[in-house]
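Chains as they are written, first to last, in the working numbering: chain E, 962 to 1275; chain C, 412 to 920; chain P, 793 to 1087.
Some clues are possibly wrong.
[Unchecked claim] Covered stretches of chain P, as calculated for chain C (at least 3 residues, CB under 8 Å): (1) 996–1005; (2) 1043–1049.
[As the list claims (entries may be wrong)] Below, in silico cross-link-like pairs of lysine to any residue (SDA-like), each with a Cα-Cα straight-line distance of 20 Å or less: (3) C:K554 <-> E:V1151; (4) C:K538 <-> C:E522; (5) C:K554 <-> E:D1054; (6) C:K554 <-> E:A1011; (7) C:K554 <-> C:A795; (8) C:K554 <-> E:G1181.
Note that these hints are calculated values from the structure, not bench results.
Glycine included, C-beta positions come from ideal geometry on N, C-alpha and C.
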Amino acid sequence: MLVQVLRRLAVFVLSLVAASVLVFAFMAVLPGDPAQIALGVSATPESVAATRAAFGTDRPLVVQYAGWVSGLPVGDFGSSYVSRTAIGPQILDRVQVTLWLVLCATALALVLALPLGVLAAARHRSASGAVVSGVSQLGIAVPSFLAGILLVTVFAVRLGVLPSGGWVPPAQNPGEFVRHLVLPVVALGVVQAAVLTRYVRSAVLDVLREDYVRTARAKGLGPLRALARHGFRNAAIPVVTVLALQVATLLIGAVVVERVFVIPGLGSLLLDGTANRDLLLVQGVVMVLVVAVLLVNLLVDLLYTVIDPRLRAG
Amino acid sequence: MSLPSRRRRALAAGALAVVLAGCSAGSGTSEPSSGDPAEAAPSTLAVGLAAEPASLDFTTTDGAAIPEALLYNVYETLVKLDSESGEVVPLLAEDYEVSDDGLTYTFTLHEDVTFSNGDEFTADDVKYSIERVQSEAWTVSLKEAMSIVGSVEVSSPTEVVVNLSEPSNDWLYRMTTRIGAMFSETGVDDLANTPVGTGPYVLDTFTRGDSLTLATRDDYWGEAPDVEEVTLRYFEDATAMNNALLSGGIDVIGTLQSPESLERFADDDRFEVLEGTTNGELVLSMNNARPPFDDVRVRQAVRHALDRQAILDTTYAGYGELIGSMVPPTDPWYEDLTDVAPYDPAQAQALLAEAGVSDLNVAFRIPNLPYAVTASQVVKSQLAEVGINAEIEVLEFPARWLDVVFQQNDYDMSLIAHVEPRDMTIFADPDYYFGYVDPEFQSTLEQAGTADSEQYVELMRQAARQLSEDAAADWLFVLPNLIVAEQDVQGLPVNRVSESFDLTGVTRA
Amino acid sequence: MSTAPDSQPAAQPAPVLGARGPAGRRRATAGLLIGAVLVGLVVLTALVSFVWTPYDPLQVDSTARLLGPSGEHLLGTDKFGRDTVSQLMLGARTTLFVGFIAVGLAAVVGIPLGVFASMSTSWLGAAVMRANDLLLAFPALLLAIMFGAVFGASTLTAMVAIGIATIPAFARIARSGALQVLSTEYVLAARAAGRRRVGIAVRHVLPNISGLLIVQASVSFAIAVLAEAALSFLGFGTRPPTPSWGRMLQESQEFLYLTPRLALVPGIAIAVAVLGFNLLGDGLRDRFDPKLEDR
Chain E
962 MLVQVLRRLA VFVLSLVAAS VLVFAFMAVL PGDPAQIALG VSATPESVAA
1012 TRAAFGTDRP LVVQYAGWVS GLPVGDFGSS YVSRTAIGPQ ILDRVQVTLW
1062 LVLCATALAL VLALPLGVLA AARHRSASGA VVSGVSQLGI AVPSFLAGIL
1112 LVTVFAVRLG VLPSGGWVPP AQNPGEFVRH LVLPVVALGV VQAAVLTRYV
1162 RSAVLDVLRE DYVRTARAKG LGPLRALARH GFRNAAIPVV TVLALQVATL
1212 LIGAVVVERV FVIPGLGSLL LDGTANRDLL LVQGVVMVLV VAVLLVNLLV
1262 DLLYTVIDPR LRAG
Chain C
412 MSLPSRRRRA LAAGALAVVL AGCSAGSGTS EPSSGDPAEA APSTLAVGLA
462 AEPASLDFTT TDGAAIPEAL LYNVYETLVK LDSESGEVVP LLAEDYEVSD
512 DGLTYTFTLH EDVTFSNGDE FTADDVKYSI ERVQSEAWTV SLKEAMSIVG
562 SVEVSSPTEV VVNLSEPSND WLYRMTTRIG AMFSETGVDD LANTPVGTGP
612 YVLDTFTRGD SLTLATRDDY WGEAPDVEEV TLRYFEDATA MNNALLSGGI
662 DVIGTLQSPE SLERFADDDR FEVLEGTTNG ELVLSMNNAR PPFDDVRVRQ
712 AVRHALDRQA ILDTTYAGYG ELIGSMVPPT DPWYEDLTDV APYDPAQAQA
762 LLAEAGVSDL NVAFRIPNLP YAVTASQVVK SQLAEVGINA EIEVLEFPAR
812 WLDVVFQQND YDMSLIAHVE PRDMTIFADP DYYFGYVDPE FQSTLEQAGT
862 ADSEQYVELM RQAARQLSED AAADWLFVLP NLIVAEQDVQ GLPVNRVSES
912 FDLTGVTRA
Chain P
793 MSTAPDSQPA AQPAPVLGAR GPAGRRRATA GLLIGAVLVG LVVLTALVSF
843 VWTPYDPLQV DSTARLLGPS GEHLLGTDKF GRDTVSQLML GARTTLFVGF
893 IAVGLAAVVG IPLGVFASMS TSWLGAAVMR ANDLLLAFPA LLLAIMFGAV
943 FGASTLTAMV AIGIATIPAF ARIARSGALQ VLSTEYVLAA RAAGRRRVGI
993 AVRHVLPNIS GLLIVQASVS FAIAVLAEAA LSFLGFGTRP PTPSWGRMLQ
1043 ESQEFLYLTP RLALVPGIAI AVAVLGFNLL GDGLRDRFDP KLEDR
């Protein structure tokens, strides 16, 4: 098992390196000179050259890459070409915001999806199961930004009970923090819940078909009790996997909801960086997002190795 | 939908004047109550604006959002532009005198003015600030306007003399813009994050991607503003900004980006809609430097092919004003030139035939700004009527549009609002992306620059007409300034003729 | 929308959403039928738009702005005076076009990679799947924003980005399906008989996993439709004046107070297409998934 874990870690490190090269190379081919863009439209060639030297964009690409990548492990993403401020703290600020949003949405999704999914599986032959399946299908089909727009229209504009958007840090005012979080979390979470419900249902269905659960049911236990006694752990593995990856990909997926609700999250930072041609910033944000997915993948795989005896043997 | 008629708009403007008069009276009478410190909670205001500053340093970073937030509020200038009259009025300079030959400006400064870092503001700072614009420290292109200054002499702590190398009708006006901002030598270390000026407000917090908060300072030299804390909140999305106002997240929409929603606010008792004007000419540029638009007849054909009222109706719900040249109605040399190239598709087709072009395909490269995306689609449809196929290509603003259109001049037609004040001169720059080179126009402007003030206006008027007749571009209309505010907010800068969103006169009842 | 099932890891079984038993079977068939009808509707609309739309969808008419539904304009007009029905029809074309190219790209690249990885005994096979995992770290939205930054956002960059992001899903499903087929007796026999690997792949593996792949294509299509809508909404997708449902939605936002119809119509269209492809995919899965037969 140790060998397996070590091998997995090696793959992770290699993936990180490969990802950083990919991201850097991709940004290096971006048209437009950051120095020129930072200085505005009719700057003198001398000042452009000076700024280029200050940015370090006049160095060979390999040197630039080495400089960039060596800072990453300690959270040094360089300084923005546009705002001339350090990128690391900016990303940190935004990650916190997006994490709040994503984790709360995921929690909401879990709260909704677990009972609904189990219900849909246990009652999959009855009408209630079908209704849950149908509703979850509909939920997946509604784009989260449409859900967001409708929520704002109803709850913020028409009823005026919740703010239409914006962000208040929890430390500044916990009450306002929660009020501002409700609508975006619902917009994001409900769609997530719809997706998750389908996974929970299928995972539970799979477990219900396992021999040991069938035996338990043959002894007279209802599906839920049989499940409760024997199956939850097994059903939980695939669900946790999906959940973890949902969280990782939602970091960027939340960008649409961030835009609708004017939330200064990671996705908005990426969009702003793109519009301002803030290369290093974009590079940094993309890298953070990619590392998040890779890291979650790693954790999930390690979890498997630890939990699942079959994989451990194999 | 029904469009506001000219008459109705004229009425609105009239009502506005009354409101503004009322507001100054109102603030006078409310003095006693706000003078009771025990009761008065700090008055706050949240204003929604569209573009967020990329940095807070306008000396090295271009973009209108920085002076919009900081000029007159945090930084002050010797003279400022009055947002009502559009005239140059004293600010840090108590008074100024211009010599008869137009070469020497003598400014008398207010006493007891301090920077927000506590340092005193004196004539030395004026010298320092002006010379700093000319130095390498300033990198934005606007600094060129300061190159005309030959020397700055400090004659006493409150008197400074600026000598120009040649007379200029423009320089004093430029001193009301960001290049006229007064800096302290001890306050320029971290301009991108910590601005230090003499203005009534200081930067409190700047949360990127969200908002910027200004707070009043105790030791301001002039009359303290009524509102003690102003939050400028930035919205990428026009609808999000509207929703914020409707749900109480902000008190004012600084510039309404989605005019169609105006009806919603106009019908609501809680809000007041203010319509003013701007310096923003929406320019449909045609690349004069290359075919097909190197032919004046083709350019004129485009102008005749466009029904500008229809474009205005679709893009700004009928708000805004048709102009016909590169001059907004608030400039002294404005003249209605809409009759130079009226909407006349038959004439357009005749001109195209005369020029010998048919089945014209043009690359229409526009920035991804809401008004450009909307207007371009109407333009495309109208040009199709006369047989011109404009292929719309949307480029991200600022980066890609600046790169492709502005720098490389790789375009046939584009569309963007030029919001800089008194910017007709850009057509005299042969390197500018219009590719318009006309010695006669250039010499007219040159003469105007040094002429006496009466002649100046006449020559500028002549230049504008020349530009229009030559179809150097098409000027679709001047952007309206649409503000929506809660009823109790008064004194907002209704006309956006300066670079600043001037908060110093704002009051809350 | 990034919550795509394509992010499911290899070790996890594909969700089995069709239920067993007579009732379940009937319901699955009903789902398949509804899915087919909805997808058919979208496809038909797109096809008809090639030969006929009520109006020229790009025709701007400032005298006919923001009209309500009427006999002349069944769903009214937008702020340009363009007919909403005609826009919607052309939007269907955009949606399907993006979906086809994106899913096609993912299939053409992903399937051979997956099959190759399943048959390869060298390190190369493992390397392919590792590269595949790496690609998973670049979701469609992220790729599309990056592409948009480099090449300028357009329908092309959007669909290529969505396509690339969908490759891992195809590679994985192709690999796991192929592994199953490869372990069957007749393939083992064919191998023993000395057939070349390419021959086995083409003759035995691909036909046997085609069902799985069609299911994956249908599900990926639904995800692609959502992704395109989200990108157009953010300004990273289809460019004006080409009609696209996502952009119609984005453009209609400012009319939300006065004419919510303009936002609801494209919203419903998106939902119909996504629902259709998802139901179709699930229904097909019930038919094709070999695991279900022995249960």
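A quick look at each hint next to the structure:
1. 996–1005: Check failed, 0 qualifying residues.
2. 1043–1049: Three-residue rule met by the segment 1043–1049 of chain P, so holds; n is 5.
3. C:K554 <-> E:V1151: This hinted pair is violated, its Cα atoms lying about 53 Å apart.
4. C:K538 <-> C:E522: holds (16 Å)
5. C:K554 <-> E:D1054: Roughly 35 Å between the alpha carbons, so the hint for K554 (chain C) and D1054 (chain E) is violated.
6. C:K554 <-> E:A1011: holds (17 Å)
7. C:K554 <-> C:A795: violated (42 Å)
8. C:K554 <-> E:G1181: Violated, because 87 Å separates the two Cα atoms, which is more than 20 Å.
Going down the numbered hints, you'll see the structure goes against 1, 3, 5, 7, 8, while the others check out.
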